[in-house]
Amino acid sequence: MILAAAQVDTGDTAWLLAATALVLLMTPGLALFYGGMVRTKSVLNMLMMSFVSIALVTVVWLAAGYSLAFGKDAGGGLIGGLEHVGMAGLGPDSVQGTVPTLLFATFQLTFAIITAALVSGAIADRAKFAAWLVFVPVWALLVYVPVAHWVWGPGGWILEHLGALDFAGGLPVEITSGASGLALCLVLGPRLGFKKDAMRPHNLPMVMLGAGLLWFGWFGFNAGSALGANGLAAAAFLNTLAAGCTGLLGWLFVEQRRDGHPTTLGAASGAVAGLVAITPSCGSVSLLGALVVGLAAGVVCSYAVGWKFKWNYDDSLDVVGVHLVGGVIGTLLIGVFAAESMTGSTEGLLYGGGLAQLGRQLVAVVAVGAYAFLVTYGIAKLLDRTMGLRATEEQEHTGLDLTVHAETAYDHGVLGHGAPVSSSPVPSAQKAKTQA
177 MILAAAQVDT
187 GDTAWLLAAT
197 ALVLLMTPGL
207 ALFYGGMVRT
217 KSVLNMLMMS
227 FVSIALVTVV
237 WLAAGYSLAF
247 GKDAGGGLIG
257 GLEHVGMAGL
267 GPDSVQGTVP
277 TLLFATFQLT
287 FAIITAALVS
297 GAIADRAKFA
307 AWLVFVPVWA
317 LLVYVPVAHW
327 VWGPGGWILE
337 HLGALDFAGG
347 LPVEITSGAS
357 GLALCLVLGP
367 RLGFKKDAMR
377 PHNLPMVMLG
387 AGLLWFGWFG
397 FNAGSALGAN
407 GLAAAAFLNT
417 LAAGCTGLLG
427 WLFVEQRRDG
437 HPTTLGAASG
447 AVAGLVAITP
457 SCGSVSLLGA
467 LVVGLAAGVV
477 CSYAVGWKFK
487 WNYDDSLDVV
497 GVHLVGGVIG
507 TLLIGVFAAE
517 SMTGSTEGLL
527 YGGGLAQLGR
537 QLVAVVAVGA
547 YAFLVTYGIA
557 KLLDRTMGLR
567 ATEEQEHTGL
577 DLTVHAETAY
587 DHGVLGHGAP
597 VSSSPVPSAQ
607 KAKTQA
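Counting from 177, one number per residue, gives the positions in the sequence shown under the working numbering.
If you're looking for bench data, these hints aren't it; they were derived computationally from the structure.
All values reported here derive from a predicted model rather than from experimental measurement.
Glycine residues also receive a C-beta, built at the ideal position from the N, C-alpha and C atoms.
Hints should not be assumed to be uniformly reliable.
[As the list claims (entries may be wrong)] The list that follows gives simulated cross-link-like pairs (lysine-lysine, DSSO-like), each with its CA atoms no further than 30 angstroms apart:
(1) LYS486 to LYS248
(2) LYS371 to LYS248
(3) LYS486 to LYS557
(4) LYS486 to LYS372
(5) LYS372 to LYS248
[As the list claims (entries may be wrong)] Here are the in silico distance ranges between beta carbons for each label pair:
(6) PHE485 to GLY262: 45 to 55 angstroms
(7) TRP483 to LEU368: 33 to 43 angstroms
(8) MET563 to GLY273: 39 to 49 angstroms
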């Protein structure tokens, strides 16, 4: 809804400007997190998949994505209208609530960006970069945008008709990216050597740095979703910190009991799992609820990442095990721990609200998960049959950094992977420079 420019609140605007920058920083943080988790031969390719998502999603969002997600409902609560195509009618004097509409649109854009980038973790080491460049804008328009309208857009059916709650993106971001990642990795098939070769993270300090940047940016992600500098933002901020901590501790507890060793990768993954789960619920649960949500995600997700070996789907960097499973946990537990002091009206099962809200949350989870999976599977199949979705076996063996980008992340190239730098298709000028 566009209000008078005089209703802009400078404090709310300043906070949302900062929050928008924080959320944008999450995508480079994710790039480092994912980049450290792959082998040396595909580090740059992993970084590029995240960074190029910033550019691709931004163009799509400004062209039509924002209008379709947050424009006036075009009917049935399924998609927005076209009144803001090309950001038409959204000048500097337009206001959304107490902040400029252009700022609100940019804030929501950063959510769309990182959701697309998250999907890339499921197909690390084996996807064609050219196919990724086509997949991202198509997926953003056909999958992310409709779900964002359902959950947050005016007239969206999940928001206004179903009554399910999602404060900061458990449905549009976490469950959508996780279900889409599952569809993509099923179409692509497993990596060469899956379940046979060791595919350990090549740089755990990079993983920890990426996790730290994600955690830092997550305060903008969750507390910024209050769209104002207020008490709700403060509560969401504290809940985010608390859940990240209990997620980390829960994962380490499982590792210690199961494997005898608490690991740095486990610490980073546990913190992310807790943050994923608190994303939908940070504005609905009390501090006690946040602690439980984070702990539940850390424990359950630490087991869920191993499901891929049992069921033979190669989710390379555990997008399914962390983001899909964590998102489901956080979204469903709103129905258990929602507190009236946070929501203003809705109460969860634990506070005497009965099973009704839990049922609404379950319907939303199933609907969004199924939609994201099926549409993504269709997009992936179409791309695979037209331009090919998977890199060649030679490219995958040598590494996508050299074969696609003609670069290496480190001076020693791809040590340990059976392909010396001189045997790769590096331009002659670069070879001469290396030899010199």
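Hint by hint, here is what the structure shows:
1. With a C-alpha separation of about 45 angstroms, the suggested pairing of LYS486 with LYS248 is violated against the 30 angstroms cut-off.
2. Pair hint LYS371 plus LYS248 does not hold up; C-alpha atoms about 49 angstroms apart against a cutoff of 30 angstroms.
3. For the proposed pair LYS486 and LYS557, the alpha carbon gap of about 24 angstroms is at most 30 angstroms, so the pair holds.
4. Proposed proximity of LYS486 and LYS372 is supported: the alpha carbons are some 13 angstroms apart, at most 30 angstroms.
5. Simply put, LYS372 and LYS248 have alpha-carbon atoms about 52 angstroms apart, too far for the 30 angstroms limit, and the pair is violated.
6. Taken as a hint, the range 45 to 55 angstroms holds for the pair PHE485 and GLY262, whose Cβ atoms sit roughly 47 angstroms apart.
7. Evaluation of the 33 to 43 angstroms hint for TRP483 and LEU368 yields a failure: the beta carbon distance comes to about 21 angstroms.
8. Take MET563 and GLY273: their Cβ atoms lie about 42 angstroms apart, and the range 39 to 49 angstroms holds.
Hint compliance for this structure: hints 1, 2, 5, 7 are broken, all remaining hints hold.
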